[in-house]
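**Student:** Here the structure of chain U is known, so what remains is to put chain C in place on it, guided by the hints.
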Amino acid sequence: MSDPARPAPSARRLVYLLGNPNAGKTTLFNGLAGTRARTGNYPGVTVERRAAAWRAGTHDVELVDLPGTYSLSASSPEERIAAQAVLRGDAGAVVVVLDATSLQRGLYLALQLRDSGLPLVVALNMMDEARAAGLRIDAERLALALDADVVPIVAARGEGVDALTRAVAARLDRAADAGPADAGRAADATRAHPVTLDPATEADVAALAEVAAHAFGPETPADRARAWALVALLADAQDEDDALPPSLRVAAQARRRAAAEAGRDLDLAIVGARYAAVDRLAAEAVQAAPPRRSRTDRIDAVLVHPVLGLLVFAAVMYVVFEALFRGSEPTVALIEDAIGAAQGLVTGALPAGPLRDLLTEGVLAGVGNVVVFVPQIGLLFFLIALLEDSGYLARVAFVIDRVMGVVGLHGKTFVPLLSGFACAVPAVMATRTIASRRDRLVTMLALPLMSCSARLPIYVLVIATVFAGEPPIAGVVSVGAAVLFAMYVLSVVATLGVAAVLRRTVLRGPRPTLVLELPPYRLPLLGNLLRATFSRVREFLVEAGTVILALTIVLWAVLSFPRSDAVEARREADRAAASASLEGEARETRLAEIDDAAAAAQLEHSAAGSLGKLVEPAIAPLGMDWRVGIGVIGSFAAREVFVSTLGVVFGIGASADEESRSLRERLREARRSDGSPLFTPLSGVALMIFFVLACQCMSTIAVVRRESGSWRWPLFMLAYMSALAYVVTLAVYQLGSALGWGVT
Amino acid sequence: MTQARAIPLNALPLGLPARVRSLACDRAVRRRLLELGLLPGTQVEVVRRAPLGDPLELRLRGYRLSLRAGEASAIEVDPEGAPSDPRADDASAREKA
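As you go down the protein sequences, you meet chains U and C in turn.
Sequential numbering from 1 applies to the first sequence in the numbering used here.
Sequential numbering from 1 applies to the second sequence in the numbering used here.
For the record, the hints were derived by calculation from the structure and aren't laboratory data.
Just so you know, these numbers come straight off a predicted model, no measurement behind them.
Hints are supplied without guarantee of correctness; some may be wrong.
[Unchecked claim] To give an idea of the chain U side of the interface with chain C (calculated C-beta under 7 Å), a few residues:
1. S102
2. D236
3. D401
Here a beta-carbon is modelled for each residue, glycine too, at the ideal position from N, C-alpha and C.
For reference, chain U alone in the conformation it holds in the complex (with noise of 0.2 Å):
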């Protein structure tokens, strides 16, 4: 079968894979080529392209994958990506996949395809659950009606794939010998079951098909120019953005504005139309048993139970979340400790200097901050697949739907929302199930705001620091667990609340709805849930992390140049007295202090430094000095980063972590130019709300870029989350100042 001489990918034909969303497409795609799969994007949108490589017959075939779509329109980034690719007319064959226990709207898709004069093959799926069902199919007259091969398959477990191959095999081979002009096949008057449209809209469609075979050009084959009329007559202002020529769109509105004031329902007449082929030749062609009820109806009676079901979901979801919060914890222990031990590793094979420093500090921690996020990325993406397929995701949606309804989202939002609890990056990630692309967005930019596990090392320093000697809030519940407590209100509340304003402002639409289908409970198959988690994960590795590292090797040379040699010349010298005057584990001890306080110096000497004391002005009404203002600046790399960067500024070496009693000392100790203490009450509560609010988070940012398309949004999200985390802290610690409010 493979042969080695592969020919060039020019010579190849293209097959396209296409079918309603849950008809069984990718694991029919996974079946037929999934080794060889090769992932991507679609430019512009963060819809998925998978294409492989594939052979069908004597045929080299470059088979794709193309979204899920219910019908061929503009209506959503999906649904236009389909009907652009198979109207492009480059395809050697289309293989819609119809789900045969919900026939009808699969049906709806492919009457689409059969009229836009495409060379198709459909593949009848799920035919087991269809026969348990007691449904009965006729594939002869659907094969007639349809004008293509129909093949019965069972794609989860490989049944009638080879039939198929065949069919594709020998569509290509007819294809050929018709020539590249019409790979099509008989005129439409001799089909069966025509879609027959009343004459008004009729003569809509056959005008606006003149004005598409113009504007694609005049080898456009009479089918696929009337195809495009139609897809243009359905389209709507908000969709119409690129997926047609502005001829036809203009021409399109003119025709609809006519329609409508003429009182006619062109919606209805094209879509009832369709549906009225679809039922002739459903009742023709299926035979339903009476209905019984199905395993989906038995599971549902528990799964979205009044009762049973908020504790199943409950249930679920805290499982997701402790997988993200903690299942992955021992991993990202085995890639901090490889990280480090790579580290040591560089640093005894070269000499100290610049150059092991930009190895271990710049590269090395770069390749950690990637890499550190793919347990939870994995993790999070393989529990999503789990849900999906089994069915259970889209009742995750109608569950909680209600609730997210509240502040003018929808359902779907949620997994991503709480998965920011544990990280933004992965929660981003997830945002993919959203269909539509403005609610995507909305979530995408409103959950950096929820508090992720990175902000806890702050908290926990912060509140050791400054609550430590407070009595217990009526005698029971700690002073700093009220304070912990308050600050993940604050992150929910300023997640739901800045959601709410971006649909009001910056991306008001319609409202959003959830139509939604419910698919059947299926099991689901292990290879797809382990495609799809490592597909994810290698885009993460391949466009996010590469931003990651670039920005971890600029924050290093941020944080250590330029270097003072003054300060190098002073640690060398006390080295040497110390070393010549002291013994043992004093002289040790005595060295470790003298690095200790040469890299607080350095520090302070870097450009981090100068930019802490430049911006010191502006972030002291804030509660803030440049001690605490380099903190931030690293804390860009990783939000805990603020904790082992405010352990240099105070001179007691990198390895401080939030449990280290001496650093609290040195911040309790720690006091601003006129003498007052750095750390009080107030300022640990306004650092904290800081830190709550922005943006600290390169890794987060690298993210929106990659699933947003554009830097645009990320750099939205940085200057909105920026500008309110500095104003809502002002507010605070300027109203706290001016009451006395924990400025001791």
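**Tutor:** Okay, now just chain C, sitting in the frame of chain U:
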């Protein structure tokens, strides 16, 4: 006769089959529902409400579709006789609960 009996879809008792008479939602939602096969004349049934009361789960053309009550209230249906057979006991039990 059926003229008088048309009710909004969100007021349709659970498990009672009905036929769609008209859809008066926003154009984008309406077009989507039409393309999903919810047209005038289509048989539809409200299987259940979500645990928090909204949205609704509909059954039509052999599959299940979730729709918020707000949108469902813009869809007029004509109820058709007695509750459909197999889910009837479920539905009435849930209504009592």
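**Student:** Confirm or reject each hint.
**Tutor:** Going down the list of hints, with the structure as the test:
| no. | hint | result |
| --- | --- | --- |
| 1 | S102 | 4 Å, holds |
| 2 | D236 | 6 Å, holds |
| 3 | D401 | 5 Å, holds |
The structure fails none of the hints (numbered hints given earlier).
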